[in-house]
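Colleague: Line by line, the protein sequences are chains W and P.
For the first sequence, this note's numbering begins at 1 and goes up steadily by one.
For the second sequence, this note's numbering begins at 1 and goes up steadily by one.
Simulated from the structure, these hints should not be mistaken for laboratory data.
Glycine included, C-beta positions come from ideal geometry on N, C-alpha and C.
Some hints here could point you the wrong way.
Derived DEER-like restraints, expressed as beta-carbon distance ranges [said to hold, decoys possible]:
{"id": "1", "chain 1": "W", "residue 1": "Lys14", "chain 2": "P", "residue 2": "Gly16", "range": "47 to 53 Å"}
{"id": "2", "chain 1": "W", "residue 1": "Arg81", "chain 2": "P", "residue 2": "Glu20", "range": "44 to 50 Å"}
{"id": "3", "chain 1": "P", "residue 1": "Gln2", "chain 2": "W", "residue 2": "Ser87", "range": "24 to 30 Å"}
{"id": "4", "chain 1": "W", "residue 1": "Gln83", "chain 2": "P", "residue 2": "Gln78", "range": "28 to 34 Å"}
{"id": "5", "chain 1": "W", "residue 1": "Gln80", "chain 2": "P", "residue 2": "Thr5", "range": "32 to 38 Å"}
{"id": "6", "chain 1": "P", "residue 1": "Glu79", "chain 2": "W", "residue 2": "Pro8", "range": "39 to 45 Å"}
{"id": "7", "chain 1": "W", "residue 1": "Gln80", "chain 2": "P", "residue 2": "Glu8", "range": "46 to 52 Å"}
{"id": "8", "chain 1": "W", "residue 1": "Arg81", "chain 2": "P", "residue 2": "Met84", "range": "27 to 33 Å"}
Covered stretches of chain P, going by a simulated chain W footprint (3 or more residues, C-beta under 8 Å) [unchecked claim]:
{"id": "9", "stretch": "62-68"}
{"id": "10", "stretch": "96-106"}
Here are the simulated DSBU-like pairs of lysine-lysine, each with C-alpha atoms no more than 30 Å apart in a straight line [as the list claims (entries may be wrong)]:
{"id": "11", "chain 1": "P", "residue 1": "Lys96", "chain 2": "W", "residue 2": "Lys11"}
{"id": "12", "chain 1": "W", "residue 1": "Lys11", "chain 2": "P", "residue 2": "Lys9"}
{"id": "13", "chain 1": "P", "residue 1": "Lys96", "chain 2": "W", "residue 2": "Lys57"}
One-letter residues, chain by chain:
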Amino acid sequence: GAGVSQSPRYKVAKRGQDVALRCDPISGHVSLFWYQQALGQGPEFLTYFQNEAQLDKSGLPSDRFFAERPEGSVSTLKIQRTQQEDSAVYLCASSFMLGTAGELFFGEGSRLTVL
Amino acid sequence: AQRVTQPEKLLSVFKGAPVELKCNYSYSGSPELFWYVQYSRQRLQLLLRHISRESIKGFTADLNKGETSFHLKKPFAQEEDSAMYYCALSYYQGGKLIFGQGTELSVKP
Numbered sequence: 001g002a003g004v005s006q007s008p009r010y011k012v013a014k015r016g017q018d019v020a021l022r023c024d025p026i027s028g029h030v031s032l033f034w035y036q037q038a039l040g041q042g043p044e045f046l047t048y049f050q051n052e053a054q055l056d057k058s059g060l061p062s063d064r065f066f067a068e069r070p071e072g073s074v075s076t077l078k079i080q081r082t083q084q085e086d087s088a089v090y091l092c093a094s095s096f097m098l099g100t101a102g103e104l105f106f107g108e109g110s111r112l113t114v115l
Numbered sequence: 001a002q003r004v005t006q007p008e009k010l011l012s013v014f015k016g017a018p019v020e021l022k023c024n025y026s027y028s029g030s031p032e033l034f035w036y037v038q039y040s041r042q043r044l045q046l047l048l049r050h051i052s053r054e055s056i057k058g059f060t061a062d063l064n065k066g067e068t069s070f071h072l073k074k075p076f077a078q079e080e081d082s083a084m085y086y087c088a089l090s091y092y093q094g095g096k097l098i099f100g101q102g103t104e105l106s107v108k109p
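So that you can see chain W by itself, here it is in the shape it has in the complex:
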């Protein structure tokens, strides 16, 4: 593929709704990351996968956030019972190498607005 693909690009949700954000990493990339970027801020780490294993989920802000990568390729970030403070751009990045040893390739992000 051309790069990391994220969908939907824009999502408007009513408070309390569940949302699912999808990330298609570059083929063959073993590492996959999710970041949350609030307006005017830098990206904040959420979670990291090495193939299908979720090795670090220390950045997930609450148990309403859940991420999976069942087959070591596509990943989904799910947010349950969305709150207004969840409004942000959610960035996915992938890397050919383990962890941050290699360059991270970012998607264009999914912009979530919670009303």
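For chain W, the structure is supplied; the task is to place chain P on it using the hints.
Modeller: The following block gives chain P in isolation, referenced to the frame of chain W:
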């Protein structure tokens, strides 16, 4: 806790002027430092990393462990350098890249 600080939210310079985007970090060990850039309507991308010791698009950055800094420099700014610049730190290869808040560089003609 590990932290990256970019003190300037906005830096405005004229074309041809020198540029220095400041980045300070807090970490007691041996971190790996990066600069990422986001041009208008484009995705975030790697500009350079300190272990490569490269000059990319005329930009350089030197890791100063004594001052815990990793400032990004370019001797002569170009209009196409206008973008958001993020300094980032990794302190283990587990994947946690910590970003600063970013500095918007505006290069005026």
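Colleague: Which hint numbers does the structure go against, in order from smallest to largest?
Modeller: Of the numbered hints given earlier, those the structure breaks are 4, 6, 7 and 9, listed in rising order.
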